[in-house]
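**Student:** One-letter residues, chain by chain:
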Amino acid sequence: MKAIRTLTLAATTSLAAMLSAGAVSAVEIEYWQYIFDARITAMDKLIANFEAANPGITVKQSTFPYADYRTKVAAAIPAGEGPDVVQLFYGWLNDYVQADLIQPLPESTFPAARIEAEFFPMVQAMKIDGKYMALPTAVRSLALFYNTKLFAEAGVTAPPATLAEMVEIAQKITKKDGAGNITLEGITSGMTAQDHQWFREVLLRQFGAVPYTDDYRTVTYNTPEGVAALEFYTSLEQTLGVTSSTFMDEPQAAFKAGRAGMHIDGSFRIGALKDTRGLEWGVAELPAGPDGTQSNYASYWVNAITTKAQGEKYDAAVKFMDYITSDEAMQIWLDTVGELPAKPSAALTDANIADPVFGPFIKGLGYGHATIFADESGQRQVLVDAVSRIFLQGQSAADSLAQAAAAEQALLDSYYAK
Amino acid sequence: MKFYRNLSISQKQVVWAWGFLALPVLFYVVIRFYPTADAIVLSFQKWNMLGIRQWAGFDNYIKLYNDPVFWKVFRNTFVYLILGTPASLVISFAIAYHLDKVRFLHSTLRALYFLPFLTSTVAMAWVWRWFYQPVPIGLFNNFIASLGFQQIAFLNSTTNALPSILLPAIWAGLGFQIIIFMAGLRAIPTSFYEAARIDGVSNWTILREITLPLLKPTIVFLVVFSSISFLRIFDQVFNMTTNNPGGPLDSTKPLVLMIYQTAFSSFDMGYAAAQTVVLFSILLIVSLLQLYLMRDR
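Protein chains in written order, with this note's numbering: chain A, 1 to 418; chain B, 1 to 297.
Hints were generated in silico from the structure; no laboratory data involved. Fair warning: there could be bad hints in the mix.
Okay, derived cross-link-like pairs now, BS3-like style, lysine-lysine, Cα gap no bigger than 27 Å in a straight line [said to hold, decoys possible]:
id, chain 1, residue 1, chain 2, residue 2
1, A, K274, A, K131
2, A, K72, A, K127
3, A, K45, A, K60
4, B, K46, A, K72
5, B, K2, A, K127
6, A, K72, A, K313
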């Protein structure tokens, strides 16, 4: 009897010792992102590197389908489950902060001054009340894809540097059948694709308008300059006839099929175009405006530390955040996913700038703006409808833009009304 | 156990019946009734799927009442119903009526009419979307253009888009309605027709006085069934207009699509729930009307 008791005691003691030792030496933190194969592979590489450099910390990656992602995150964190570090779209930041799902990054490891010095300026959208809430590993920007074969056939030697040149080239490339229907587009168009971003942050600024106030809560594009930008955009289809927004269903489909000379799209399109057989294409920076203004739209996914991470998990999460926002991590991300580094020091390396595909996108980051959306698809719809009213109902650009500005302002007001 | 032994046979039968019913009842309570009740509660709240739900009183309903898009969508939903239900019933009845008289290749023809009903709605919607494209890829417009006519903007038009989307929806539902109509026609005793023929009555009179009155239960069932399916139309519209869902300018947007967008792209769950409650009420009224019409049978 006594022997058994002694044995039990010994077993319990050693077990307890083992457990506490384990707790000290190994911390496991969880990382969540939505399912996108290249990103999962890239994150696996980053985790392997991080774990090698930080023995005692393990990172477990969990992924979910995009459609369930938001609900899963929202349900897990308040319950003390789920991720310690989470990936989210930059446009969702407000929602996550207000729902108390993420906590500010510590000033000691991520001083605001350092972030502002090191990252591209659009990352400042992640600052709320003076504190940075999240940071990206990679960013995305827009550029002009062009079909080199069609350019050669039309006798064009270089991609357009300005909007005027763009129009001129588009006119050379466009082909129509006997009835005047477009069979080959000079340039693709479609507010439903990336054109709403191009219009909002690029065309409006190039024609001298300012799309929003700095906090993106007030619409300011309803000015004569804004109308001029919208008139330019709609003239491509209506008067110049070098594009048709319904051509081949989707702008990217037309370009991919070799039926369009030029196409404005994001860096995330590179992957799909790379694998298209028979398509010869190049990338150029977005054309400059009439007065030489260059602008771009940039968007990104960020990583943040959740409110679930406390104590040693918090410390581990901070270390992990520090690694995945390092130059090394950004280069791995670029090589694996094709998304651009979020810091000039990692992005603007000679090799990256000279890259014929990534180069133009990376240059665009230097003058890119990240719209702070309240409801991205709702705000996109406003511009889609503005163009539809002009094309289908014959409304004037001025009336249509005024109506769009009012509709978008109502959307913003209802979102920020608390 | 003693309690059970003391029960009478009929009481024991009740216990067993409820024992077996417990599973479906539990299923319905958890999967159907609880979420329904929760959606009604949610319609009086404000929630973005993150954070806590906040009480909003009748705000969502007031917003709905003042939302011009909602009224447009409401109108669209009823246009789908008012055009779709009669059109699909008349066409399917005409086909069933004549198919019933055909002997040659009867089963093959019936199978061919039923085939679209078996096809996945999403696949079908995308194929029709391709048919409707402008030149150079659209099947219909390529044909029209080859004849030398101006091409038609099927989907990119505020007037043509809704009928263009409705057409495949009607076509896909025909097979089912034809089968039901044929079953109804077969169920009418042939003696009525023989008596009518002896009296020398015309085919038109037979149709009006015998066939249609005796088909009333079938017709009522199909009216209700197709009304509900047109009121809930979503797949066809969403898949044929994914670039600009329910567009252009909301001209094709049905209520279900508006609910979907409000909930899952604007994350305004309370507002979406209020729209759902409105849809629920409409469907409830249609179903009650069905019970009322079936009553005199």
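**Student:** Against each hint, give a clear statement of whether it holds in the structure.
**Tutor:** Hint by hint, here is what the structure shows:
1. K274(A) to K131(A): The hint is violated at about 40 Å.
2. K72(A) to K127(A): With a Cα-Cα distance of about 25 Å, the restraint between K72(A) and K127(A) holds, given a limit of 27 Å.
3. K45(A) to K60(A): Distance ~12 Å between K45(A) and K60(A) Cα, so the pair holds.
4. K46(B) to K72(A): 19 Å, holds
5. K2(B) to K127(A): Distance of about 70 Å is beyond 27 Å: violated.
6. K72(A) to K313(A): Given pair K72(A), K313(A) holds - Cα atoms ~20 Å apart, limit 27 Å.
Hint compliance for this structure: hints 1 and 5 are not met, and every other hint is.
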